[in-house]
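Chemist: Residues per chain are reported as follows:
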Amino acid sequence: MAANSLSALKALLFLLCLLPAARLGWLAIEGGLGANPIEFVIRSLGTWTLVLLLATLSITPLRRLTGWNVLIRVRRLLGLFAFFYATLHFLAFFGLDQFFDLRAVIADIAKRPYITVGFTCFLLLIPLAVTSTNAMQRRLGGRRWQRLHRLIYVIAIGGVVHYWWLVKKDITQPLIYALVLGLLLGLRLWWRARPAAVISRRPA
Amino acid sequence: MIIRRPTDIRSSEITEEALYRDRRRFLTASGAIIGAAWSGISLAAPVPTTFPNLRKSPLSATEKVNSWQDATTYNNYYEFGTGKADPAHSAHTLVTTPWSIQVDGEVKRPRTVDVDTLMRWSAPEERIYRLRCVEAWSMVIPWVGLPLAPILKRLEPNSRAKYVEFTTLNDPKQMPGVRYPVLDWPYVEGLRMDEAMHPLTILAVGLYGKALPNQNGAPLRLIVPWKYGFKSIKSIVRIRFTEQAPATSWNKAAPNEYGFFANVNPAVDHPRWSQAKERRLGEFLKRETLPFNGYADQVAQLYRGMDLRKLY
Ligand code: HEM
Chain P
1 MAANSLSALK
11 ALLFLLCLLP
21 AARLGWLAIE
31 GGLGANPIEF
41 VIRSLGTWTL
51 VLLLATLSIT
61 PLRRLTGWNV
71 LIRVRRLLGL
81 FAFFYATLHF
91 LAFFGLDQFF
101 DLRAVIADIA
111 KRPYITVGFT
121 CFLLLIPLAV
131 TSTNAMQRRL
141 GGRRWQRLHR
151 LIYVIAIGGV
161 VHYWWLVKKD
171 ITQPLIYALV
181 LGLLLGLRLW
191 WRARPAAVIS
201 RRPA
Chain F
205 MIIRRPTDIR
215 SSEITEEALY
225 RDRRRFLTAS
235 GAIIGAAWSG
245 ISLAAPVPTT
255 FPNLRKSPLS
265 ATEKVNSWQD
275 ATTYNNYYEF
285 GTGKADPAHS
295 AHTLVTTPWS
305 IQVDGEVKRP
315 RTVDVDTLMR
325 WSAPEERIYR
335 LRCVEAWSMV
345 IPWVGLPLAP
355 ILKRLEPNSR
365 AKYVEFTTLN
375 DPKQMPGVRY
385 PVLDWPYVEG
395 LRMDEAMHPL
405 TILAVGLYGK
415 ALPNQNGAPL
425 RLIVPWKYGF
435 KSIKSIVRIR
445 FTEQAPATSW
455 NKAAPNEYGF
465 FANVNPAVDH
475 PRWSQAKERR
485 LGEFLKRETL
495 PFNGYADQVA
505 QLYRGMDLRK
515 LY
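Protein chains in written order, with our numbering: chain P, 1 to 204; chain F, 205 to 516.
Isolated chain P (complex conformation) (with noise of 0.2 angstroms):
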């Protein structure tokens, strides 16, 4: 693919990836959040940061699939969107439904399970922000670098698991999630199993 055209596409994504929080800001302009504006604006936050996550986890069994070598480029964006919403995520919670009490955040923290996997997912996204320049991926060297990135299974395993355990009792929702999820890693280790088959598919 062309330079130009790769960067076009890179545009769009881009614009696509602000499309939710463009959508929440106009939302709260115009009074459109409903009668629990708060929970509304965690809820978004938390389901774009799941779905940019999926995203980024499908770039690599899309590119098997299609042949096309070109979206390895648009992966470390969705990655960086992930981390994006993900910090409004949790911006929002501290913010807006906790006033910034950190006490209280601490001691949800601590107590309540699903949060503790959110938050831990969250700080396990920061050493892969970090470390998502070229720079970056030069100076830990393409192994080590790989397999501190291979942190975004974990991620996201503990991004549906957050999920499952805040319902109430309807899991329809995060059951979609995880299994999308189960097929994404799913389609990995079976790959992983049969690499005879992808070696003649890879481009020399």
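Misleading hints may appear alongside valid ones.
[What the hints assert, rightly or not] Using 20 angstroms as the maximum straight-line C-alpha spacing, the simulated EDC-like pairs for lysine to aspartate or glutamate come out as follows: (1) LYS168(P) <-> ASP398(F); (2) LYS169(P) <-> GLU339(F); (3) LYS168(P) <-> ASP97(P); (4) LYS260(F) <-> GLU330(F); (5) LYS169(P) <-> ASP388(F); (6) LYS312(F) <-> ASP398(F); (7) LYS168(P) <-> ASP320(F); (8) LYS456(F) <-> GLU339(F); (9) LYS414(F) <-> GLU330(F); (10) LYS366(F) <-> GLU447(F); (11) LYS414(F) <-> ASP473(F); (12) LYS111(P) <-> ASP473(F); (13) LYS168(P) <-> GLU310(F); (14) LYS481(F) <-> ASP101(P); (15) LYS357(F) <-> GLU447(F); (16) LYS169(P) <-> ASP473(F); (17) LYS481(F) <-> ASP97(P); (18) LYS111(P) <-> GLU339(F); (19) LYS168(P) <-> GLU339(F); (20) LYS481(F) <-> GLU339(F); (21) LYS357(F) <-> ASP320(F).
[What the hints assert, rightly or not] Derived, one-sided and incomplete: chain F residues facing chain P with beta-carbon distance under 8 angstroms: (22) TRP477; (23) LEU489; (24) PRO495.
Honestly, the hints are just simulated from the structure, not real lab data.
These figures come from a predicted structure and were not determined experimentally.
The beta-carbon is built from N, C-alpha and C at its ideal position, and this holds for glycine as well.
Use these hints to put chain F with the ligand onto chain P, whose structure you have.
Modeler: For chain F with the ligand alone, kept in the frame of chain P given last:
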């Protein structure tokens, strides 16, 4: 492969947004539905659409009430879906006239009664109550309520009756949510007799001086203001007097999270979240949750000698 990309906005989010945009149309439509109910049906007298000149009650809270909008678009009514906006969206399929309530169990004479009869037995009055949900949010709602005590007396429970069990309609044709086994349908709630006879306990037939919208549990629902909202069962079709404590829906679903009593208690957390504070809808800062939702003076004596940490 089903991958959610940023363009796939969650359907529930779209619903909510669309709903808010269509507020006015929705209100007109629900008005029309109520209007239709008012005009056409003669089988049983329908609940009136408005209740002018309601008697005010000294038991009413004096706090600022929430908006009609809050009370009618943010509902937990799983028979119409588990999202807060689902009931306002889907409950128009509920047919509330004619409506009859089956009365049986430990009574002198099993029978069915209609809402109109109940209103003659116990006159509607305005009751402004705090409503505290187990999910740690709250509202203040002006109900049109029938005090339950005189009704229960008219139903003539016998001496074995120690509890009252209430059951919600369970009709998959009218209620899309009951097609999924989220809870063990029908929804069942219950009170100890002294709780049911307490002057604060009412059967609501309206709010804000108007007939109860379907999403709020039309045509008849229970309101027990010192208990978590899930005790206040909606769209009641059966009242049964029992000797043993009824098996109630949320208690059956997760006994470690939802007790039979479910009195509002800031000292006993839900296993997964704190009950110490609540968000009053429309307010930014959370407020402290009060024991028995602020009704301790009136109801605490009902539970004297009970360990409310165990009997949550
Ligand atoms: C990678 C990290 C995280 C992911 C993927 C994630 C994902 C989610 C998801 C999917 C939801 C549910 C959205 C819905 O109901 O539609 C949610 C809700 C929530 N999350 Fe997170 N989350 C993360 C981190 C955190 C952190 C760090 C905190 C706080 C310390 C947190 C606190 C919450 C809270 C309070 C809710 C709302 C619960 C409620 O409304 O009852 N999450 N999150």
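Chemist: Taking the hints in turn, state whether each one holds.
Modeler: Going down the list of hints, with the structure as the test:
1. LYS168(P) <-> ASP398(F): Violated - the C-alpha atoms of ASP398(F) and LYS168(P) are around 30 angstroms apart, more than 20 angstroms.
2. LYS169(P) <-> GLU339(F): 12 angstroms, holds
3. LYS168(P) <-> ASP97(P): 18 angstroms, holds
4. LYS260(F) <-> GLU330(F): Measuring from Cα to Cα gives roughly 5 angstroms; hence the hint holds.
5. LYS169(P) <-> ASP388(F): 12 angstroms, holds
6. LYS312(F) <-> ASP398(F): Roughly 19 angstroms between the alpha carbons, so the hint for LYS312(F) and ASP398(F) holds.
7. LYS168(P) <-> ASP320(F): 36 angstroms, violated
8. LYS456(F) <-> GLU339(F): This hinted pair holds, its Cα atoms lying about 18 angstroms apart.
9. LYS414(F) <-> GLU330(F): 11 angstroms, holds
10. LYS366(F) <-> GLU447(F): Distance ~5 angstroms between LYS366(F) and GLU447(F) Cα, so the pair holds.
11. LYS414(F) <-> ASP473(F): At roughly 35 angstroms apart (the allowed maximum being 20 angstroms), ASP473(F) and LYS414(F) break the hint.
12. LYS111(P) <-> ASP473(F): 11 angstroms, holds
13. LYS168(P) <-> GLU310(F): Outside the cut-off at roughly 34 angstroms; violated.
14. LYS481(F) <-> ASP101(P): Status holds; Cα separation ~13 angstroms.
15. LYS357(F) <-> GLU447(F): This hinted pair holds, its Cα atoms lying about 17 angstroms apart.
16. LYS169(P) <-> ASP473(F): 17 angstroms, holds
17. LYS481(F) <-> ASP97(P): Between LYS481(F) and ASP97(P) the Cα gap is close to 11 angstroms, so the pair holds against 20 angstroms.
18. LYS111(P) <-> GLU339(F): 17 angstroms, holds
19. LYS168(P) <-> GLU339(F): 9 angstroms, holds
20. LYS481(F) <-> GLU339(F): 10 angstroms, holds
21. LYS357(F) <-> ASP320(F): Between LYS357(F) and ASP320(F) the Cα gap is close to 17 angstroms, so the pair holds against 20 angstroms.
22. TRP477: 6 angstroms, holds
23. LEU489: 6 angstroms, holds
24. PRO495: 20 angstroms, violated
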